[in-house]
Structures are given as C-alpha cells and as structure tokens.
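Participant: Residue-level listing of the chains:
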Amino acid sequence: MTLLQTEQLTKQFGGLTAVDEVNMEVEQGEGVSLIGPNGAGKSTFINLVTRRLEPSHGDISFKGESIVGMDPHQVVQEGMSKSFQTASIFPELSVKENATIAALAAEHGSFRFNFFRHRNSYPAVDELADDVLRSVGLYGEREAQADSLDYGNKRRLELGIALAAEPDMLLMDEPTAGMSPDETQSTVDLIKRVKEELDLTFLLVEHDMEIVFDISDRIVVLNRGSVIAAGTPEEVQNDPAVQEAYLGGVEE
Amino acid sequence: MSDEPRDATPTAAAEADPDVSDELGDRLSRFREREISTVLITVVGVLVFPFIFNNFLDGYTQLATLMLIWGIFAIGFDILLGYTGLLSFGHAVFWGGAAYAAGIFSASVSSQPLLVLLAGTAFAVLLAWVVGFLSLRRGGIYFAILTLTFGQMAFYLAASPLAFLTNGENGFTSVTIGPLLGVIDLHGGVPFPLSIAVDNMLYVFVAAVTVLSVAMANRILHSPYGTVFRAIRENERRAEFVGLHVWRYKLMAFVISAAFAGIAGSLFAIEGNYVPLESLYWTESGAIVIMTVLGGVGSLFGPLFGAGLYLYIENIVSGFETLGPFWHLILGIVFVVAVVVFPDGIWGGVEYLRDKVTGGDES
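Protein sequences, first through last, are from chains A and B.
Residues -16 to 235 in our numbering are what the first sequence spells out, letter by letter.
Residues 23 to 385 in our numbering are what the second sequence spells out, letter by letter.
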C-alpha cells in the first residue's frame, strides 16, 4: 500500500524553483531517505509534505487522500508525524508530560471540549506515554525536567514525542544533526529498533551518508529541485548522475 | 479495625500504609496533590483571612471582600497569562462587561444574587468567544494590542452610544440585589458559629464563590487542558505538530479566563451595588496584569496574593500619613523588587522557602 505520494509537486519562491515537479512514493513499511547536495530542495519538500508550506502546484496524498489544504495538526491526526531538525520539546515540562501531550492528541484527537477530568483518569494516554518513553530509553528520567536532559537525550525525547503521536509514517529531518559520534550511533540503533518493533514507515532527510546507507530500504536523490535518481542503496551508490551531483559542479 | 481479617499482621499494615516511614516533605507534597486538600486550604484561608486582616493589618471586611473578588479575576487571568502564555491587555472588557451585564440584569430581570452572578458570567463568556475569535488570529504583541483595542472600544461604547443602558459617565447606579436564595440578606450579619471569623454575609458569599473558583481552576489545571495549555506556552509549533488544534485550545483558555473575570466582575457589581465606568478602562486591564505577575504567574494561589497586596497598597498604604501620597511609587517599587528578587512572584518566593524548610531535613 502506498502511504505517501506526490504528483508533480512544485514549489517556487519568486523566480527560484526549489522543488520541481517531484513524483515520489513511500510504501507502507518502507524506510526511505531523501538525500541531495545543499540547496537541493530537501527541506522545502519536507515542509510541503508537513503543510508548513503551500505548494505552487501539484498534489500530495497520504493514504490515498489529498492533504493539500489541510492544517498541520490534521495531517498529524491522519497519521504522519514529524521529528524536527532541532530538539523541539517542551523544555519546562517533565519528560513524561512531553510524551503525554502527544499521547493526548493521539488518543483523543486534535481537540476535545469535555476534557475536565483529572489527568490521572486517562489511563490509555498514560500507558502510551510510558510505552514510548520505554522505547526511546527515557523511562528512568520521566520525572526530570525536559530542559535538564543532555542534547542527545533531548533529541531522543523529540523522537519520542513524534512516536507518541502514534504515526503510520514518521518524517525525520536530520535526526542526528549536532550529535556526538556516540549519540549518533545510539540514535541510529534506536531508529532501526523502532522501525522493526513498530513496523514504522519513515522518510528521512539526512546529510550523513553512512547513516543513510545503513538504515534505508530505498534512497531518493534530489538535485536542484528534481529527482535525479531513486533506488536501493546499491543502485544509488553506483548511479553516475548521483556521483556527478555530489562530486562535480555542486557549486550553487 | 475489628472487621479486618486476622492475618493482617502489623508488618502488612505498615507495608500497605507507606505514609508511616515518610519524610515530612513527602507527606506535605502528597497532601498538596489531592484536590480536596486544595479546597480545604482555601476554606481555612478565607475564614482566617479577615480576622488577621482586620485585627493586625489595619484592614476592614469590605476591602477583604474586594481582595477576594480581584483574586478570582487574577486566578482566571493567570490561566491565560501564566499557563498558556498569552498576554491580554483587554481583560477589563470581561470584568467591566460582566459587571454591567450583572447590574443591568439585577435592575431589569431578577435581583437574585445567584442569577445575577450567572448572567454576568454568561455575558463575559459569550463576549470572550467573539473577542477571542477575532484577536487570537494574531500572536504575541499583536494579540495584546488587539485585546487592548477591544477593551477601549467597549469603554467608549459604554461611555456614550450605550449610555441609555449604562448611564454613561455616571456609572450604573440602579443595581438592586435581593436576598440570597430569597432569605439571606447579603448586607446583614452572620449567624453564631461563623461570626467568630467574619462579620458580614456578603463576605461569606464572596468567600464561598472564591473557594468554588479555586476548586474549578485547580481542576482545569490538573486536567488535560492544563497540560495542553502549558505545552502551548512552551512550544506552540511542537504542540501543533503532535496533532493538537492549538488555536481552539487557545480560544478555550481565553474563554475560561474570561469566565473567571465574569464571575469576579459580577461579584464586583453585587458588592458595590454600583458599576463605575472605570471598570471598563484600560487601567483595570493593567492592574490585573500587575497583580498576576506580582503574585506569581503559573501558580494557583499566587495571583490571589498578588491581588491582595496590590489592593492593600492602593487602599491601606495610601492612607498612611507620610507614605500615603506616594502609594503609586511604593507599588512600583514593590513590583520591581518582587520581580527582581522573586522572578516567579511572591508565591514563587514562598514555595522556594517552603522547599528549603521541608527539603532541608532530608540528608
């Protein structure tokens, strides 16, 4: 089953075409990476998919339904959650509360009018938040203030928040940016494990080629807004167009 | 105890009751967690307060009543400012609006205090839905300016185009308040057991509404709403990207805070038997911001203390022979000192001291 599909997706900023008629698909259960040199249009593509930017033309559909015109929170409710490039957490709340917020949205929808019972009387929410904290390895620190975690753990929490939204598909924007080699390795292991445990579909944007080739089932290469190659890691690695884009004439 | 099965040995009983071996601090914090504790603390507080205030602080019951009324207003305002992180500069529109609605209702529909209270509050809630709908379109400073604009619009509307309803600059003078539930005269004395603590039925009525308001605010802040509000304050974009309809929750926070302002505004009309035009003026919107920040944003009881201190300086200190004329200056200095020394307000300072005391004897 195709989860995410873009058709002729285009975004122009004035005279600059950042994303140029991109057709791409992500199948259920697949781990897809989006790579490309700086300025290739990766971030713009992600922002189009998460509804932070309006496409100039073209269509994006999720689970067979067009999401153009939806608000970001509606897209998340449809099952597409996002992990940010920086540790986007709720700093002054506890680690547990951070996860609880996403779990509330997952269990009770984007808004509930009648939400006045004591917070302890929503056991499903509580359980989901605990489960997620266990799977990202932060259960022991659930009482700590999120701001007091080190950077690597903040990114783990960030990922946990994205997972607590119970996504069918997870978008990850450079999940290891700014991490030490150790933290990077443990995050990669975490992503692999979560993918297996939850049969998670993901779309990853990442600069670190080692990670990309390690965890992706399929790789899509963007250059100057267009898809120049797509396929398994081996196919992409040996593609002359990819080598050209990365090794020659990258000055933009 | 005699009904318990015989195998409930002392060891088992001790295990089932973890309180036994607890530190004082732990026990205190568990007591504070319970909803009923909050209510009990408030009940004791409002009963003891006028006694201390009248006997030791040069106070009088009418001012104590006003302090509670403004305290309710501040508790609601803190749900918006302290918990959701939205600064409204136009909350006088709900305070004064509710006071006018309550006053007009009492003069032309029913003088039943409970119905008057309900009418004023309902008006504030409806008004908040409209004002919130329009001003929450923009964030940050634009939101503050928009709310200020709505507040000033309401002031000028009440001053002249609607003067046939509001009595314009003279204020609404025809407030008529009947006996509570048809029997209890609000301006009469208090029956024996209560009379030890308070001397005035109106205070008892306002105190009861205060306790209810604290209980409601406590419940809201401990419900998922409280969690979501704080999430919006901390990181609005993240809240949106976990799938929450942030805008609707902000509107709810706005309406809830206006409901408290409405309760307080209606009580203000009931208490004074009069609604001054100034109740809609922007200085009232400013006063509630100062009270809330002074007491401590993001705490349940802080705003009550902030309101009390503000009114104390405005009414008592202003009467002191030498310092009196400088009460505005004193208020300013107290505000600056409080904000610098206790960034979390007076209540934040109290909590800090309490943690030092109860946490000090651990090690």
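Quick caveat, the hints were computed from the structure, so don't treat them as lab data.
Any given hint could be a false lead.
[Said to hold, decoys possible] Where chain B lies over chain A, by a calculated footprint (3+ residues, C-beta under 8 Å): (1) 19 to 26; (2) 62 to 74.
[What the hints assert, rightly or not] Simulated restraints, written as ranges between beta carbons of each label pair: (3) B:Gly162 - A:Glu4: 33 to 41 Å; (4) A:Lys175 - B:Gly354: 17 to 25 Å; (5) A:Glu4 - B:Val358: 58 to 66 Å; (6) A:Phe99 - B:Phe155: 17 to 25 Å; (7) A:Gln57 - B:Gly354: 27 to 35 Å; (8) A:Leu181 - B:Ser132: 58 to 66 Å.
Cβ atoms here follow ideal geometry from the backbone N, Cα and C, with glycine treated the same way.
Participant: Work down the list of hints and note, for each, if the structure agrees.
Facilitator: Structure-based check of all given hints:
Only when three residues or more bring their CB closer than 8 Å to a CB of chain B does the claim for the region 19 to 26 of chain A stand; here the count is 0, and the claim is violated. Given a C-beta distance limit of less than 8 Å, the hint that chain B covers the region 62 to 74 of chain A holds, as 7 residues qualify and 3 suffice. Distance hint check: the CB atoms of Gly162 of chain B and Glu4 of chain A are about 37 Å apart, consistent with the given range 33 to 41 Å. The hinted range of 17 to 25 Å is not satisfied by Lys175 of chain A and Gly354 of chain B, whose Cβ atoms lie roughly 60 Å apart.
Range check, Glu4 of chain A to Val358 of chain B: Cβ separation about 60 Å, and the 58 to 66 Å hint holds. Taken as a hint, the range 17 to 25 Å holds for the pair Phe99 of chain A and Phe155 of chain B, whose Cβ atoms sit roughly 22 Å apart. Checked against the given bound of 27 to 35 Å, the beta carbons of Gln57 of chain A and Gly354 of chain B, roughly 47 Å apart, lie outside it. A hinted range of 58 to 66 Å for the beta carbons of Leu181 of chain A and Ser132 of chain B is consistent with their spacing of about 60 Å.
Taken one by one, the earlier hints fail for this structure at numbers 1, 4 and 7, listed in ascending order.
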